[in-house]
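If you read the protein sequences in the order shown, they are chains F and A.
Here the first sequence is numbered in the numbering used here, starting from 1 and rising by one per residue.
Here the second sequence is numbered in the numbering used here, starting from 1001 and rising by one per residue.
Read the hints as simulated data drawn from the structure, not as lab findings.
Mixed in with the good hints there might be a few duds.
A few chain F residues that don't get close to chain A, going by computed Cβ distances all over 12 Å [as the list claims (entries may be wrong)]:
id	residue
1	Phe137
2	Trp185
3	Val257
Which chain F residues face chain A? A few, computed with CB under 7 Å, are given here [said to hold, decoys possible]:
id	residue
4	Phe30
5	Lys224
6	Gly225
Just so it is clear, CB atoms sit at the ideal spot from N, CA and C, and this is done for glycine as well.
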Amino acid sequence: MSPALILVAVFFFVPMVLLVYMSFTQWPLFTGVPRWIGLANYQTLFTDPGFGQAVWFTLEFTVVLVPISFLVSYGLSMMLRRSSRISSLFRASFFLPVVIGFTAASFMASTLLTPGTGLINRLLAATGLGSGDTAWFSHPSDAFWAVIVLTIWKTAGTAMILLMAAAQAVPPEVVEASRMDGASWFAIETRIIAPLIRRTIGLCLILSIGGTILTFDQFYALTKGGPGGGTTTVVLYTYTTSFIQFRLGYGAAISVVVSLVILAITAFQLRVLGRKED
Amino acid sequence: MSEPAKMSRRMKVAITLGMLPVVAAAMAGCSSATSSGGGSGPITIWGRSGASEVKPLVQAYEKAHPGQVVKYTPVADAQFLQKLSNAVRSNSAPDIVAFDLVNAPLLGTEGLLADITGKTSALGSGSPIMKPALDAGKVGGKQYSLPIAIGSSQMIWNKELFQKAGLNPDKAPANLTEVQHDAEAIHALSPTTYGFSTLGSAGGAYTGFPTMWADGAQLLSPLSKNQKATWASSPAVAKDLLWLQQMWKSGVMPPTEAPNQDPGGQTMQMLDTGKIGIAFTGTWAISGADAQKLQWGYAAGIPGQSGKLSGFLGGDALGIVASSKHQSAAWNFLDWSVSTKTAAKVVFSSGSVPSNTTQASALMGSDPAHSLDALRSARLPLSIAYNAVINDPNGPWTTAAQNVIFNGADPAGVLPQAASSADKLITAAYDQIGS
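Chain A on its own, in the form it takes in the complex:
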């Protein structure tokens, strides 16, 4: 082959390859234009993989609305926001997102979600949706998301072990002093029977914060640009972390409780096989019926030193992506999910409590482990930097709490430093919001 012919062939290959991204982009653009046109057609929904109620909700919705197609994509919890960010930037975001309630302030503030204030007001002033969960979706007085499934923290105890240890199996430990006393009595039965466990992470939000709230602590100031971590100035925080430190040191907690020690849900297994006496956990861990069958006692919340109960408000929310071309169809799905009996039943059978209190109270009669009053008083620290400040295993809260509980650090030393780091992360989160 002659040199010019070779060159020409090379040029063709180069141009073809060079054009590939352009053609791909153009095709993506066409596809986007096709799917977004007209506001009809299937709606798409992304849900965090931990939100077990979303898929059955979608299936039930399609069954109740023949002809309406809802395409559901589960996304791994740890990658949910990251993948959503990529999807938004490449114009391939879904119409609806189902996300962890803790991310409601972030998604609302970042401008990802459509303002649904006008639509939610149609639900009525005496809205049946549980207020604290509904408020989590509010930013600057505007509603951006609706809670669909909620849950809270609870304390459970093994009645059989209580009996063996000479304790009253029908009486819940009333405060942390009693929890410690009962846990020590149970651990005394055998070295491989442990008195106490906090499923989740010791000092973490779901089971750690409630003891502190019950004792009057405040972890974060209200959601705003000037939000601050207030845990260093709340004496109850230090006091309750030191209580956990003492529980760890005394050996009444299983060693698998330490950070990163439980590769396969061993603590949960120990709970099921009667090796743990008292556990601070969530309402997801055990239903009332199972608790009765397994001879577990349960309290609707977690006690503090004072004896008051409190809980962390967890759950999932739905929001409509602001750029969605199917706003009306997407709203129909949200409305159905929080209003109907069918949706409530689906949520309840997935292990969560429906956010619609009217539907929830009808369903919960048979399950006393879930208390609406306890859920109403459960709390959620709202922050756009929640993941960085609270959830991150290397974030300021977890680092400080673990250092106190497992490494014996003094709260007076680590908490102010952690609060200062948290303040910087909150400021950084607001600084990078797009204009």
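Isolated chain F (complex conformation):
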């Protein structure tokens, strides 16, 4: 057995097996022996309104975020495709948020959005678009959109770089030939470049979907899932169940289900990306 396999076994398979075992038990917090309860934790998933709400919110967040984020990234990659000093500066500026942590970014957002004193609230008040006192995180819908904007600002740079690199690899003569044939920029983008970089587009979308389903940090830092549980993602719900409610067995069951969903998405991704070019 190779050392790599041993490391994978110790740090991945053993914890995974333990997690699956935990999900079939009532796991005590401190002392005592775990009690085997079969599928009871999994059955609870179907009757737990909190879990249902978290799944629904995560889906909603994914469905809204992924397309908008992709369009923003694609738009930025289009604008910054040509090499020049100014585009290098913009590329660095748009990529910069990717390298700071979500927690730091969330704290910045929280400060900027503070009612009364936050810069964004003041700008909105100065331009007549708001009262300046908007409490962004006191209503689930406002909090939802505030986090959507933050997440796009924070993550769009990654897809922008991938899409830009893929588009730069498209042979210039192909683009030039279509231009000489009278194709508009829109036709070139949608009918020439996009099909040629579709594997990268697929990669960006799948990475984005997987990442969005696992969203935790920004909601933990900004809303703690509130108000009224209205911004709780599945991972945040897992955290709450395991480490605030200390229902460790049930938390493990949720983790197993989320892991299976991510596994299915990854398998789909590998299948799509591994498909031979037509």
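Following the hints, position chain A against chain F.
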């Protein structure tokens, strides 16, 4: 290199790596055996990071007991129970834990703490330790922990703003109707001066429950396996939440009061800079001396609609881990912490009231903001699912209270549903206790 030689080298690496966890476990076992042998040596204590009195207590104890080493480890409040659970399961638990009083029933019920009933009875039948705080550490008639530092809720008001608004600065608002009236008068002074704030969270345990208790409400039935959330059947709960809803709607509360709106203690800053007229807060927020200096009035508790005062009993407790091999040395630390004048002084200078009432009353003469009578009548809802039911920002209580206060929900709709969720969480907490 030949193939068998390569294989042999690979095998050695594999065996070495494979043995690492075994060797590590064996070493951990040795270390545990060494440190636990004989019942002597240093004692270890973990404290939640919010318990500011624990570190100075440890230092004072070491000074008073030359040669006795107490190793103190602060643990972040939010991760305290989680890390303690990991430590217990890996046989690396400390000898003593200093924890939030609200967790006393959970730690006692879960079997983590040693039964100290026999030892505490030596403190005497007329024990000087404040009874409600002492009772928090009791489960099934047995004592599992001792309170060291306590505090409660209080109402404070800015006398200068009262004067400017034409109100009597020396008279505390007597009930919630007067609080609302005075808050509106203060907010009328300027749009950026707010009439009212609840430091903590609006409707939360520390400042929300006291108004309800003052009006005769019961939030949870007594600690037991059959405990239920009773807030839906207490009319005062709905009435006081609607009062907070009205306060929020009318704009007399600062917008930073809404959930998750205060990244850097802005409400506290507004309080300090005279932008808030009346605040429901805790005894930790301001000492009597500071209150006098800053021209703040203070009441020993928070009023309800009826005008009675009540408070939430907060604080920290010490317990000895049942598996500790240093039971005797650990008890000496607990005993010293709740009995001596030195310990009481340390606790008091950290901003809390010592649980020893004899020592506390001697110290509190100079600080009228802390009232022993108010602390004696302060209450704490005891539950092993307290964190899940009350503290969790997504838990049933906070969710229901926030929906009423900030989203305008009808208490008659949300409170019964929240009570039903709370009952399930309490049942689940008892179901998973290890046997």
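Evaluated hints:
{"no.": "1", "hint": "Phe137", "verdict": "violated (4 Å)"}
{"no.": "2", "hint": "Trp185", "verdict": "holds (43 Å)"}
{"no.": "3", "hint": "Val257", "verdict": "holds (18 Å)"}
{"no.": "4", "hint": "Phe30", "verdict": "holds (4 Å)"}
{"no.": "5", "hint": "Lys224", "verdict": "holds (4 Å)"}
{"no.": "6", "hint": "Gly225", "verdict": "holds (4 Å)"}
Going through the hint list in order, the structure does not satisfy hint 1, though it satisfies all others.
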